[in-house]
Amino acid sequence: MDIALVYLLLIGFGILVYVLLDGFSLGVGIISPLLRTDKHGVDDKGIAMKSLAHIWDSNQTWLVFGGVVLFVGFPVVYSFVLSNLYLPIILMLVALIFRGVAFEFRFKSDVSRAWWDLSFSLGSIIATFCQGIVIGALVGDMSSTKTLDDPVDWLTPFSLLTGFALMSGYALLGACWLVRKTEAGLQQVAKKFALRLLFLMLGFLAIVSIWMLVEQPAIAQRWLIIPDGLILVPMPLCTLLFAYRLRKILLTEEEPGIQPLVYAMGLFMTAFAGLAAGVFPYIIPGRLTIWEAIAPDKSVYFALVGILIFIPVILAYNLYSYRTFSGKTSMKDGY
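Counted the way our numbering counts, the sequence shown spans residues 9 to 343.
These are computed hints drawn from the structure, not numbers from a lab.
This list has only true hints and no planted wrong ones.
Cβ pair distances, simulated, as ranges: (1) SER329 x PRO244: 28 to 36 angstroms; (2) GLY193 x VAL84: 47 to 55 angstroms; (3) ALA284 x PHE207: 23 to 31 angstroms.
C-beta atoms are modelled at their ideal positions from N, C-alpha and C, and glycine is treated no differently.
Work the whole structure out from these sequences, hints included.
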């Protein structure tokens, strides 16, 4: 068994599940400043937050899971990431803390509710932007072999671009989540947001993809030269198909249900698969392969047992939470 590949798949699984689940949660926070209380006194922002109230914390379990697996399986990568990207990572964690506190106090306070709304939205925006910066830094300038002496070497035009790109993607997920969980006026507003954000995300995805092909010769060779290029063709085709179906459903179906969210998640999965296919077998592109970075055999085999036990437990809890709170959200719902 190739233990390095097993751990890479585990980390990839944890990151992907986190992005899909906490992505829409953060996305709701990103678009929340655009939500208002209507003339009938319906608090759209409050409904949006209540739709997440019972599941947002379990979503973040996967962020912890990914960090633990990275530490156990690839400690040298864990050290590299934290030592070179500690500023955006610390800022992300602080933003997530403020966002979590907002959930607890927003519905218990009338006087300072506006401040908790601000904490929720800013926490979501900053956390998402920092995650995008980390991704851009790892596959961008930090993927070269140059020495990293400056604590802000991660701050580049490409990392800023990926930060904004991830914000647009999470916002799309958030809008599609509100389409699924809300009714009447808020649902129609969410549909309009989702249509606009779909094109914004596709635009960012195209720019990021072209930038990577131009700046990263290894990735360009993987994608543009036969036979690898032919094998990878289904990924962009699936992206176009998902985008087409998402737009059609939002325009034609009065009650689209969960379909928009599924197709939006499909866009993320194809983008994630495309990135993974472009950089494999590197775990830090241009610096370390998975086989160079893997920890000693005894420790990773020992930890693997616990990891494989906890994955179904976390999944079962997530499924139970989503099934229990699967209905529509209204102002009457409590937290």
